[in-house]
Structures are given as structure tokens and as C-alpha cells.
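J.: Assemble the dimeric complex from its two separately framed chains, guided by the hints.
Residue numbers (the working numbering), protein chains in the order written: chain C, 1 to 79; chain L, 1 to 404.
Keep in mind that the hints are not guaranteed to be accurate.
Stated by the list, open to error - Which chain L residues face chain C? A few, computed with CB under 10 Å, are given here: (1) D142; (2) M144; (3) V145; (4) R172; (5) R173; (6) E282; (7) D297; (8) R302; (9) A307; (10) T308; (11) K309; (12) R316; (13) A323; (14) L359; (15) R363.
Treat the hints as calculated values from the structure; they're not laboratory data.
Quantities reported herein were computed from a predicted structural model and do not represent experimental measurements.
C-beta: ideal position from N, C-alpha, C; glycine also.
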Amino acid sequence: MKDDIINILADATGRDVSDFSDTSEDLFADGLLDSMATVSVLLALQDQFGIQVPVSEFDRSQWNSVDKMADRVKELQND
Amino acid sequence: MINWLSSLPNFTAYGTPVYFIYLLLALLPLGIGLFFGKRFQWYEALISFIFIFLMFDGASWQQLFSLIAYVIYQTFLVMYYHHYRKTNNSSGVFYLFSFLSLIPIIVVKLSPAMVGHNSLLGFLGISYLTFRAVGTIIETRDGMVKEITPWHFIRFMLFMPTITSGPIDRYRRFSKDYQKVPERSDYLKLVEKGVFYLFLGFLYKFVIAYFFGQRFYPHFEQAAMSDGFFSWNMLGVMYTYGFYLFFDFAGYSLFAVAISYFMGVKTPMNFKQPFKSKNIKEFWNRWHISLSFWFRDYIFMRFVFMATKKRWFKNRNALSATAYMLNMLTMGFWHGITWYYILYGFLHGLALVVNDWWLRYKRKHLKKMPHNKFTECVAIFVTFNFVMFTFLLFSGYLNTYFFG
Chain C
1 MKDDIINILA DATGRDVSDF SDTSEDLFAD GLLDSMATVS VLLALQDQFG IQVPVSEFDR
61 SQWNSVDKMA DRVKELQND
Chain L
1 MINWLSSLPN FTAYGTPVYF IYLLLALLPL GIGLFFGKRF QWYEALISFI FIFLMFDGAS
61 WQQLFSLIAY VIYQTFLVMY YHHYRKTNNS SGVFYLFSFL SLIPIIVVKL SPAMVGHNSL
121 LGFLGISYLT FRAVGTIIET RDGMVKEITP WHFIRFMLFM PTITSGPIDR YRRFSKDYQK
181 VPERSDYLKL VEKGVFYLFL GFLYKFVIAY FFGQRFYPHF EQAAMSDGFF SWNMLGVMYT
241 YGFYLFFDFA GYSLFAVAIS YFMGVKTPMN FKQPFKSKNI KEFWNRWHIS LSFWFRDYIF
301 MRFVFMATKK RWFKNRNALS ATAYMLNMLT MGFWHGITWY YILYGFLHGL ALVVNDWWLR
361 YKRKHLKKMP HNKFTECVAI FVTFNFVMFT FLLFSGYLNT YFFG
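Chain L with its partners taken away, still in its complex shape (with noise of 0.2 Å):
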């Protein structure tokens, strides 16, 4: 059975345009459907599950046990704390399935700083699928998701578009829509903007991110070995990088977004023009929406929100400024056991409280405080170029130029 699987062609979600052609033809009968009003479910599982099958079988195959063993196990843990809430609440339970919900992430995103190698337990998207089940479970804890089945659960952990880098849907928005057939004139809008995405997608990824990535960046990142950190080349290194990053992986998102629509499922947007952020905290609200909204929501506000309740804090601005570090330093850990993914989350946190500090003096001062297209302009100029550098930490390009 392994060397069948093992034998098998391996698909990468979106990797190239003939995996497109596939797909949509795939995808046509259930278009048809949900012209005609009606969403063949059986059908609409059965091409989820062989597009994912074939992005882990292959050499590959190893994930696809993990991925199985996941989703049963994150299933049980759903289901079972959810039997569980409606007659009883306890905290500490709840703590309890939030952490065994977390502990295959923890031990895969400990195991190659503790043993040396990446760990059995995981593999592509892992991160995206525990975003999906805890945020379940959180939801469950306050009552929020009063229905769920086994069923339900598992075709929105294993929805084929976003199974593998998110958008991060939530359990409650997802199923309201899978559980509907959008109005025809409704789900023609959908078309039309899914096919549109489909294009920017394609212009993104494979084009602007394809120059960036393959060939500005490897220039400068040889260029750049050589010379002192203050060079020219790193800086090349720094803006070929950071552009490459975000027309990768906002095109990837265009694709899953746009397939999500063809298939009736209004998967929320990850990107919003994030470099014309003004400051930090706009441009979280544009980078990566879905992972930052999802820790706002799940760790900043729940923090704040039991931190005031419990009176933690004399001094609201000492709350607030907690309460950043500790949500960008958890992202940071999220991103991987590295000095580099940590302090990238460090300076996040961190820019995020000078930046709240600034809105509050800009606002005391406001009389005195000039505002116009230029100040607007340094803006943007600051908020962009810190981003940028912070992406530089990200890429892990300076470990190998100070330690490699």
C-alpha cells in the first residue's frame, strides 16, 4: 500500500496553472448544481477529499497518515467537549481540551529545536487545521456553536480551497454557509469575483512573485553575503524578499478565496493593500487578516477581557501593552522555535505598543499636531519600512549571513 502511495503523483495545491484546469473541470458539476439551486454535498466532499489526497500522497504519503490521524483525533476532542458543555461549564475542562486541541502543534513545532527533526505528527497546513479546531472549541465554551456534528466539523477542517495556508474560516460562518445554497443571482456575483480573484491570483503568484522571488532575490541574496550588513544588497535582499512574500502568499490566498466562491463559500479575504497601512496596528488589520483577526479575537481580547474582569491591571495602558507582546510573541512562537520568528513577533508587539502610545499623545496634542499628505506620506514611508525590515528577520536570511 505504501509503495502504491508512495507511486503516486503528488499535486501542491495551486502549484501550477495545469492544476487549475483540473480543478475547475472537477468543480463544474457542483457549479452547474448550485445554479440550479441545489449543493451536491457527497460530490463536493468526494473531489475535497481526492485534490487533498493527492497534495500528500506521493513522497508525501507519510503526511497523509497524520493528517487522517489529526482530523479523527481533533474530531473526538469537538465533539466530545461539546457533549460535554451542554449541561456542564468548568474552566478548567475547558482549559484541558484547548491544550490537548494543541498539544500535536506544540510537539511539532517543539521537535526540531528539543530532538533535532521535524516530528511525525505533522504536516502541511497543521497550523491552519489547530487555528479551526480550538477556535471551535473556544466558540463551543461560549455557547456559541450550539449544533455541530462529526460530519459538518470534519468538511470544514478538510475544506479542500484553504486546507492547506487558510484563509482561517470560523466553524460558525463556514457551515451557515455550507449548509445554504446562495441565491442564483447571489452566486453569480460570487462567479464573477471569484474569477476575478482567480486572475489577480495568477498575476500574483505567478508572475510579480515569480521576478521577485526567482529572480531579483537570489542576486541580492548572493550579492549580499559579502558585503557588511549596511550594504546596498541588503537592502535589495530586504525589499525582494518582503515583496516576494506578500505576492506569494496573498496570490495563494486570491486562489483559495476564489475557489472557496466558485463553490458557494464566501471565504474571508487575507490581504487588504497592507503596504498602505499608516501605522502598525492598520496594518494588521490588512496583513494576513484571518491569522491576525483570529488572534485578536482568541488571545488578545479573551485576555483583556479577563485581565479587566479580574482587575489584573491598575493602569489600562500597562494592560494594553501586556496584552500586545503577549499576542505577538505568541505568533512569533507560533511561527517556529527560531531567535528569528520570535523576535519578529517581539517587534511586533513592541511596535504595536509605541504605536498605541503615539495615537494617545497624537491625540492629547491633536491642536498642535500637523496633518496633512505629506505627514500621511512619512507615514506610510515608517510604517512600511519597519514591516519590511521585520520581514527580513522573517526570512531567516540573516541567520545564515551571521551564523551560516
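In isolation and in its complexed conformation, chain C is listed as follows (with noise of 0.2 Å):
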């Protein structure tokens, strides 16, 4: 799953996979996502595990690495 997180993160920065390899860096503060690109990501990733992701769900905190995600993706697909 985090590879998959990881394609749509490079996808919707338009950066090399490879800037992502840290799982638990924060994005937000390295400023590798910005909000146009969170967007994209939140899309993204509804498309794909099928779930419900609303902006306002979107708290930063729980949500700013790939290791994060993946936590967070898997607890909504199970709800």
C-alpha cells in the first residue's frame, strides 16, 4: 500500500518517487505537499481504496507522512 502512496503522492507534485522514500518524513513541513497537491492526493486516494476521505477529515497532524496515510487509509477502508 505505501508504494501505491507513494506513486499518487509523486503524481500529484510532480516529483521523482524516489523524494518520497522517507515514510516517515512530514510533508507538509518540507513543504513536498502544499494544498493544491493535498487535493489531488485526497482524490487520488478515494479513487483508489475506495473510501471517503472529506476535506475537513483532512486534520494535517494525522496525515503528514506516508507511513501516516497508510495508517489512516486502512482505518477508513475498515469502518
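T.: Encoded structure:
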């Protein structure tokens, strides 16, 4: 799942997959993700994993790294 | 009753050093309770109501009635929408309730421009309460606010430390804090930080802001009137007003955060050294943060989300530019319907668009771009002066200068 998320992130930001190799890195603090790219990521996660992520669910502190995103997606899939 | 109300003394929030003595004495039992693992909710509510009452009595008694009517109206809307949302989820109803929630602020903001005087519906802090109420409706729509009672919502709206000027908290975050008691060690850390913020706030608001606002600014304000637009005195107006604005508002926000901490509520910080921002995007992550994040989450992100889903734009950059302009122009209009607030919003929107374009350009030509301490200083200098110029607009001084 983490590879899928990394692909989504690379797509949304127009960066290289290798930029996201550190899966615990804070994506917002390092400026890898901005609000625009975040929305693309949200929509791609919804399509790919069949989950509903409302914009106001997107509390940045809970979604700020590849690891955390994977955890949240699993939680939402189980809901 | 009105005679009685208008004869009472009025205390602006955090207006004078003495205010803090009364407030801290009143909060002492609450702090002792929290220290021993108890939150005296009724006592806290009572103190909150008394201090809010003191902000709106005396000469401002009319605002007290507007505030009460406003809170009843918003509570009714939020509770009714929450009830509706349990079984239904139509977009039309959501937009209707959001609009109904916005009506008071729209009337208050339009009144000066339309009828020439302030609306009776208005009171100090109406904008900040509107952000809280509308935010709660939006999060209810998203299914994120699952439990809400009138009492908790009213406590959220009428939380004394932040009522008149923020920071703007969110219902979910606030009620999580409010419904539990922090661990003793956490509470002691909060108190320690709170004391530091309180004294930093004194320095900001009662010392630095005082000198800029009461001593330096009036001097330049007078002198610049008889000079041309491009003059040293005008530059003096610009910088002294800009620094006054920051230290006054940041000081106020520090008080609000400190008092919240004493009450065991982690109200978010509003400023994070904004003048060292290297670009305008960073600036909005550091300046009036709770406001700019409100706009980001509830206007910018939602607009981009909808526009992407419905494919309104072919070009991603056109979409982000539109979203930035929409976001900042709305902020401009919210400040008030005057040419200088709207231009302020427009310029910040434009700056964000240019900034985005520049960041894309830089990333494409990464190898050819020098990046060192010097270029960073240039970036900070340009951002700082742009921001200061927009504050000069924001101050309304130019309106008096050109048309007054």
C-alpha cells in the first residue's frame, strides 16, 4: 500500500518517487505537499482505495507522512 | 434595565494591566480544580459569562443584546442542521444553512456601504463567532462532528479568552480539550507556557505596540499628510503601522492563548514570527494563522476539491490561480467593503499566484538557480516590504491621504 501512496504523491506533486522514500518524513513541514497537491492526493486515495475522505477530515497532523497516510487509509477502509 | 446596564463599568478584553489581576483572581479556583484533576464547568461558564458581560455592558449595552440574539440564532441553526444531517445529506440544505449562518455577518459588513451606518446586529467579535459557527456546520456536513449539544456549542462560541478577536478554534478540537481534564504534569506545562506567553504579550502589546502606535505612528501620520506620496514620512507611516499591527494583534493573541492554557484549553497559536518568511505562501502560514487556515481549509481546499472532481478546469495552474484569488478576495471583502480592504485581498491573491509561478519556475531551472544566504535575505526583504506595503493599504491611511 505504501508504494501506491508514494506513486500518488509523486503524481500529485510532479516530483520523483525517490523524494518520498523516507516514509516517516513530514511532508508538509518539508514543503513537499501544498494545499493544491493535497487535494489531488485526497481524490486519488478515494479512487484507488474506495474510501471517503472529506476535506475536513484532513487534519494535517494525522496525514503528514506516508506511514500515517497508510494507517489512516486502513482505518477508513475498516470503518 | 437599560439605564442600569449603561451605567455599569465596561472592561475591554485585556485592555489594561489591572484587567489581568481581576481575571487571574477569578480563574484561580478553576486552576486549582484542574491541578487536582477536576474541571469546574459551571464555575468556568459563570466566569466566562461575567467577563463577557463586562465587555458588552455600559456604553456597549446594545451589543450585548445583539450577541445574545446572535448566539441563540446560530445555536438553533447548528442544532437543527445536525439533527437533519443524521438522516439526510442534501447539498441544497447544506448551502441553505451555511447561507443562513452567514446572513448576520453579511448584513453587518454591507450596512456601512449600503445605508451609511453600522448595523444594530453587529457586536465586537461577530466575525470570529461566524467562523466558528460556519466551520461547525461544514464539519457536520462532512460527518466529522458526530456529537453536539446546545450547551457544548454555546460554551464553544462563548469561550471568554478568544471571544472578540480569536484565535479561531474548531469545535472538534475545542470540545476534545473541554471535555477532559489534562494530566497534572501536562497542566503544569500549560501553565508554565501560559505564564511565558502572558509576559511576552505584555511586552508586545503594552510596550512595543504602545511605542509604535501611540508615539511613532502619530508623528509620521501628521508629517506624511503634507508630503508627496513617495516620501520618507510615508515610509515611516508604513513601517510604524505595520509593526504596530503585528505587536498589538500578536500580543492580544498571546493573551488569549495564555488565558486558554490556564483554563486547560490548548487554543491554537496565531503568529509564528511572520516577518522572517521567505515568500508570501510562508507568510500566510505564519501570520494570523487561525484565520488563514480557516480560509485554506473551508474555502481554498473545498473549492479546489470540487473543481477537480467536476473537472471545471483543464489547466491545474489556472485552477490554483483562481482558488488563490477567490480565497484572498473573500478575505478582503470579509475585512470590510472598502476599496482598500478589497485591494489588500486582491494583492495578496495576486502575490500568491506570482509566488506559485516563481516556485514552479525555480524547480524547473533548479541547477541554474543560485541558492545561498544572500538570496534568502533578498527573499525575506522582498516579502517583508510587500507585506508592509499591503498593511499600509489595510490601515486605511491612504484613503484619508488621497480622498480625506
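J.: Determine for every hint whether it applies to the structure shown.
T.: Verification of the hints:
About 4 Å separates the beta-carbon of L:D142 from the nearest beta-carbon of chain C, less than 10 Å, and the hint is met. Contact between L:M144 and chain C, as hinted, is supported at the beta carbon level, the nearest pair being about 5 Å apart and thus within 10 Å. For L:V145, the interface hint holds, the least distance from its beta-carbon to any beta-carbon of chain C being 9 Å, beneath 10 Å. Given the 10 Å rule on beta carbons, the hint for L:R172 holds: about 9 Å separates it from the nearest Cβ of chain C.
Because the beta carbon of L:R173 sits about 9 Å from the nearest beta carbon in chain C, less than 10 Å, this interface hint is met. The beta carbon of L:E282 is positioned within 10 Å of a beta carbon in chain C (closest approach about 9 Å), and the interface hint is therefore held. Of the supplied interface hints, the one on L:D297 holds, with its beta-carbon coming within about 7 Å of a beta-carbon of chain C, less than 10 Å. Checking L:R302 against chain C by beta carbon gives a least distance of about 5 Å; that is within 10 Å, so the hint holds.
A least Cβ separation of about 9 Å between L:A307 and chain C falls short of the 10 Å threshold, and the interface hint therefore holds. Restraint check, L:T308 versus chain C: the minimum CB separation of about 6 Å is within 10 Å; hint holds. Using the Cβ-Cβ criterion of 10 Å, the hint placing L:K309 at the interface with chain C is satisfied: the shortest such distance is roughly 6 Å. With a cut of 10 Å, the hint placing L:R316 at the interface with chain C holds, because the nearest CB-to-CB distance is about 7 Å.
With 10 Å as the threshold, the beta carbon of L:A323 comes within range of chain C, its nearest partner Cβ sitting at about 8 Å, so the hint holds. For L:L359, the shortest C-beta to C-beta distance to chain C is roughly 9 Å, which falls under 10 Å, so the interface hint holds. The interface hint given for L:R363 is met, as the beta carbon of that residue sits about 8 Å from the closest beta carbon of chain C, less than 10 Å.
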